[in-house]
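**Student:** Listed here are the chains, written in short residue letters.
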Amino acid sequence: MRGTQEFRNLLNERRPGHSLPRPFYTDPDIYALDVEAVFNACWLMIGFSAELPKPGSYLAMTIARTPIIVLRDRGGAIRGFFNSCRHRGAQICPDGSGRAAKLVCPYHQWTYDLEGRLQHAGQMPENFRADDHSLRPIHVEVVAGVIYICLGETPPDFAPFRRALEPMVKPYNFENAKLAHQYVLVEKANWKLVMENGRECYHCAANHPELGITFPVGITEKFGAEETVRAQNYCMRMAKHGLEVGPDDGSWWQIARFPLNEGMITMSPDGQPIVKKPMLDVDGGDVGSLRFAIEPHNFCHALGDFTFMFSIFPVGVEETHLIAKWLVHKDAVEGVDYDVPSLIKTWDMTNRQDRDLSENNQRGVNGLGYVPGPYSPTAEGFVLRFVNWYCEHMRAFAGVPSANIAEVA
Amino acid sequence: MRGTQEFRNLLNERRPGHSLPRPFYTDPDIYALDVEAVFNACWLMIGFSAELPKPGSYLAMTIARTPIIVLRDRGGAIRGFFNSCRHRGAQICPDGSGRAAKLVCPYHQWTYDLEGRLQHAGQMPENFRADDHSLRPIHVEVVAGVIYICLGETPPDFAPFRRALEPMVKPYNFENAKLAHQYVLVEKANWKLVMENGRECYHCAANHPELGITFPVGITEKFGAEETVRAQNYCMRMAKHGLEVGPDDGSWWQIARFPLNEGMITMSPDGQPIVKKPMLDVDGGDVGSLRFAIEPHNFCHALGDFTFMFSIFPVGVEETHLIAKWLVHKDAVEGVDYDVPSLIKTWDMTNRQDRDLSENNQRGVNGLGYVPGPYSPTAEGFVLRFVNWYCEHMRAFAGVPSANIAEVA
Amino acid sequence: MRGTQEFRNLLNERRPGHSLPRPFYTDPDIYALDVEAVFNACWLMIGFSAELPKPGSYLAMTIARTPIIVLRDRGGAIRGFFNSCRHRGAQICPDGSGRAAKLVCPYHQWTYDLEGRLQHAGQMPENFRADDHSLRPIHVEVVAGVIYICLGETPPDFAPFRRALEPMVKPYNFENAKLAHQYVLVEKANWKLVMENGRECYHCAANHPELGITFPVGITEKFGAEETVRAQNYCMRMAKHGLEVGPDDGSWWQIARFPLNEGMITMSPDGQPIVKKPMLDVDGGDVGSLRFAIEPHNFCHALGDFTFMFSIFPVGVEETHLIAKWLVHKDAVEGVDYDVPSLIKTWDMTNRQDRDLSENNQRGVNGLGYVPGPYSPTAEGFVLRFVNWYCEHMRAFAGVPSANIAEVA
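Protein chains in written order, with the numbering used here: chain A, 1 to 409; chain B, 1 to 409; chain C, 1 to 409.
Simulated from the structure, these hints should not be mistaken for lab results. Incorrect hints may appear among the rest.
Because identical chains cannot be distinguished in the list, a pair is counted as satisfied if it fits within a single copy or across any two copies.
[Stated by the list, open to error] Derived lysine-lysine pairs resembling DSBU-like cross-links, with alpha carbons at most 35 Å apart:
id: 1; residue 1: 325; residue 2: 54
id: 2; residue 1: 325; residue 2: 277
id: 3; residue 1: 102; residue 2: 240
id: 4; residue 1: 188; residue 2: 102
id: 5; residue 1: 188; residue 2: 325
id: 6; residue 1: 277; residue 2: 188
id: 7; residue 1: 54; residue 2: 178
id: 8; residue 1: 102; residue 2: 345
id: 9; residue 1: 102; residue 2: 276
id: 10; residue 1: 240; residue 2: 188
id: 11; residue 1: 330; residue 2: 277
id: 12; residue 1: 345; residue 2: 178
id: 13; residue 1: 325; residue 2: 276
Please build the complete structure, drawing on both the sequences and the hints.
**Tutor:** If you want it as structure tokens, here you go:
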């Protein structure tokens with residue numbers, strides 16, 4: 001329906017400052033466009049280079065319906081490929097992580113090296129050209145240990161984001177980190193509802209008692225810190241350690257460092273560090289949180305002692321999978337320096353509360369009674385930003401002129 | 001597909017006196033039209049005012065995909081609203097029943113009074129007008145304690161039905177009743193097959209041994225009672241008590257009182273009363289059954305000692321939910337005056353048998369071998385009436401001239 | 001979408017010698033065409049006359065969405081009908097096998113004789129004509145005890161296949177066999193991926209250790225036996241017993257007898273007979289395997305001591321049901337002459353391994369990274385043949401001229 005008048009009308013129907021017309025949250029045809037225009041074309045954050053410690057280490061996952069594999073090649077570089085054999089298309093590596101010297105398709109044992117070149121294909125005729133049957137690569141960018149991929153042929157310009165993110169993230173030393181925990185949470189809600197939920201804290205005070213202990217739930221869109229004396233002190237203290245505060249942003253990304261609640265050092269049940277071996281060893285880990293986020297699907301919070309990653313992947317018009325990961329220093333010993341239940345508690349509770357809220361939002365939006373409502377310009381600035389980004393992105397995709405909505409800054 | 005030639009052709013393909021062409025039972029696009037034209041536009045019977053005993057008592061449920069809430073306001077009137085917050089559309093009250101002083105959306109705590117007015121919305125700007133963000137009302141009519149709703153903007157004329165139903169139902173004193181039991185039964189069949197099943201007793205003798213003990217399974221469309229001496233005696237006896245027999249009907253409703261099988265007083269396993277405290281205290285409860293029913297989805301049987309309600313709600317092209325409720329006098333004490341297993345047995349068995357029949361009907365209709373077959377004019381008059389009503393309703397919706405099918409009276 | 005340009009383009013997009021473009025494996029609209037053009041129109045193999053031992057014995061099953069019934073009539077002939085009542089379409093016999101003197105619809109007891117004539121329909125008016133409401137027949141052909149059906153009005157010419165198959169199958173005496181075991185295996189893969197899997201042994205060496213003990217997994221498309229001295233000996237030995245070797249084929253069928261691995265007599269865990277009472281009592285059962293197969297969905301292996309049947313039926317675009325049956329001599333006594341776990345082990349393991357491979361193939365084909373790849377002309381000749389047959393069949397169905405692909409012989 002990409003070029004249809006119906007879709008153009010829907011895009012034009014959207015009222016500035018308001019949530020989207022119902023079909024954007026419920027229509028399978030628009031979902032298909034979302035996958036094509038957004039998840040098959042934008043940069044996505046999928047994990048950390050620390051998850052690929054050695055040549056042959058790989059991470060296989062499915063983006064919407066597309067299986068991909070990201071691996072460390074023999075030279076140590078991180079590469080990505082579509083995870084479909086060039087013979088009959090079978091998935092080569094099962095989703096998950098592992099290590100392999102070569103990529104061998106389980107179906108007919110077509111074998112690829114870690115650079116994606118076909119090395120073996122049995123019983124093929126003389127005129128078969130292995131060179132024409134390499135694995136198809138995907139775009140990969142690694143920024144100070146954070147892995148971004150893009151399935152599209154012509155990815156959006158990555159350089160400005162890299163320039164902004166690299167110095168902010170570098171002090172956390174992600175290359176020397178390890179994955180402490182990860183899971184997939186199934187949410188029966190459209191991916192945009194899940195993202196709208198994840199882009200504001202207007203709902204936090206009433207719904208996230210655990211998060212609210214440490215997270216400044218009254219925070220507004222800027223995640224800035226210029227308003228209070230405490231914030232000024234935080235900025236000065238960070239500057240002393242050479243840590244920029246920001247905020248910095250682009251059309252599809254935002255980066256900012258901000259202080260937690262008074263007296264709170266990390267996002268733990270009591271605000272005190274839960275990993276003895278810190279990632280960023282400054283002021284006893286009292287460095288607030290570095291939030292870095294990209295549209296359409298991700299945010300991370302890097303704290304003194306651990307980093308939390310939140311990336312969502314759509315599975316259907318009303319089903320979304322959240323991949324959550326927790327990263328700690330690679331020398332932190334589980335059971336000695338940290339325990340997983342404590343490490344994940346704050347965000348795990350928050351994730352599940354948000355899942356319930358998003359699913360409930362979906363149920364309400366499904367109804368005849370739903371009409372798009374107004375976002376709070378102060379409390380939902382990041383939501384507005386996400387929704388505006390989405391609408392502009394889809395307008396461009398559908399060939400509809402920009403709506404020229406001033407972004408809420 | 002509402003205005004398409006394909007749909008017009010399908011409507012014209014229907015052969016008078018016969019079941020519908022296959023796509024009406026299997027096509028997801030026609031299902032979507034059914035929801036729009038029928039369930040989002042017609043009067044629906046959802047329950048009893050006795051379920052809303054006090055101001056703030058509410059009943060929340062989902063009609064197809066639309067969550068609604070029906071409640072008793074501070075003045076004691078029964079009102080209905082779409083159960084979607086005017087902010088971002090979240091469902092306000094979870095499906096089920098309860099009581100609340102105000103309606104508070106769980107997402108961002110937008111708060112509405114029992115009349116639907118927005119009373120609180122945090123962090124909204126100066127120019128935000130709460131008056132523009134009241135809950136959207138739905139139409140509600142209460143007839144002697146029976147609640148009807150309509151989601152459409154312009155409901156069908158309700159007055160004639162009210163005039164006919166009110167005097168028939170009033171003697172049962174539904175306002176002084178209470179809900180003794182309710183459940184939802186999932187049926188994997190198109191809602192029209194479920195209704196066709198519920199509109200005839202041609203299948204009863206062989207399939208409903210429990211119901212057949214008390215229910216006159218040979219009954220024909222009229223549910224009338226003019227044919228036999230026993231029926232004449234019944235009419236005279238009812239007249240003596242001021243109870244009209246009918247039948248009365250309109251294009252989308254039917255009302256009639258009729259006698260049960262010889263010697264049977266109520267629809268119980270042995271035909272004897274199972275609730276000691278009667279709803280209609282006349283002749284020891286020996287008043288037959290008052291059947292009142294509306295297209296597209298409901299029938300009730302009011303007996304001397306209890307009332308059974310059957311309302312179906314479509315969930316998908318091949319999935320329908322039956323909501324069954326049993327009402328008794330509010331002073332009847334469970335475990336003393338009645339027990340639930342005995343109370344529900346006859347209709348519960350019947351519901352489950354009908355579910356199996358409808359699902360089996362769906363399987364057969366799905367096949368290439370299905371061709372619409374003829375209804376028995378005597379034994380399936382009410383089915384014919386339902387199907388004719390449906391076809392005429394859809395013709396009007398699609399802008400196709402009436403087929404002028406004479407209704408079987 | 002049958003006549004659409006989109007479908008024509010897709011058909012023309014197919015590259016000779018290569019697997020199909022993605023939508024053929026994933027698109028619900030193409031799946032609907034497959035059902036219409038293939039499963040509702042081609043000959044299908046559903047079982048054996050031995051499953052219908054007496055008049056009234058029936059076998060009911062569902063082909064895609066169409067319930068059918070095949071039975072032995074009073075005269076002993078095997079007939080087939082659509083299993084939908086001519087009244088309101090209910091399924092008459094539940095799927096499975098059984099025996100009945102008459103076919104009585106469970107809904108309203110419309111009753112048909114074993115020849116499909118309506119004998120009873122209660123409460124129908126004077127002018128109702130039972131003769132107009134016989135069960136609708138389907139085409140049935142029985143070849144030496146093997147049952148083929150066709151749901152289409154004008155089946156493909158069956159005579160050449162019968163002429164070829166009858167003498168090859170007759171010696172196995174299927175009329176004197178019995179069903180020893182059967183099951184349905186659910187595979188979450190498009191039916192064509194399941195068939196491509198079932199038409200080659202390129203994947204066998206690495207994936208079917210159990211099958212590989214006895215089955216010549218290096219076998220090529222011909223299933224011929226002319227190449228080796230051992231094969232020549234096999235041919236001479238079979239000729240001595242009057243057993244033709246073939247191969248023989250038509251556009252939609254293939255028949256050939258071939259030797260198993262050296263020293264192996266049947267497809268059992270150790271290659272030795274597992275049924276003491278043989279079906280074909282020649283050379284101690286050492287007769288290799290008779291493979292007979294039809295497009296779109298079936299193959300059988302008739303061995304000296306048992307016969308294995310593999311027929312698939314599509315259920316959805318990414319779901320296929322495999323019906324597997326094992327036939328033995330009717331006088332073989334379970335627990336004495338054979339035990340089921342040993343009998344089914346080789347093919348049961350193989351079926352489950354193939355299910356996993358097909359589902360994995362589906363996951364890979366779903367992805368953006370999939371591009372149709374080249375089949376091995378030697379190892380995947382039968383796959384190519386199946387895919388070419390499918391493409392030609394769909395071209396004819398869609399009114400697209402033949403691609404004139406030379407069949408791999």
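**Student:** Does each hint hold? Answer for all of them.
**Tutor:** Outcome of the hint check:
no.: 1; hint: 325 x 54; result: within (20 Å within a copy, 49 Å between copies)
no.: 2; hint: 325 x 277; result: within (18 Å within a copy, 61 Å between copies)
no.: 3; hint: 102 x 240; result: neither (48 Å within a copy, 51 Å between copies)
no.: 4; hint: 188 x 102; result: between (37 Å within a copy, 28 Å between copies)
no.: 5; hint: 188 x 325; result: both (20 Å within a copy, 30 Å between copies)
no.: 6; hint: 277 x 188; result: neither (37 Å within a copy, 46 Å between copies)
no.: 7; hint: 54 x 178; result: within (13 Å within a copy, 58 Å between copies)
no.: 8; hint: 102 x 345; result: between (38 Å within a copy, 33 Å between copies)
no.: 9; hint: 102 x 276; result: neither (38 Å within a copy, 47 Å between copies)
no.: 10; hint: 240 x 188; result: neither (45 Å within a copy, 59 Å between copies)
no.: 11; hint: 330 x 277; result: within (9 Å within a copy, 66 Å between copies)
no.: 12; hint: 345 x 178; result: within (18 Å within a copy, 44 Å between copies)
no.: 13; hint: 325 x 276; result: within (19 Å within a copy, 59 Å between copies)
When the structure is compared with the earlier hints, violations turn up for hints 3, 6, 9, 10 and for no others.
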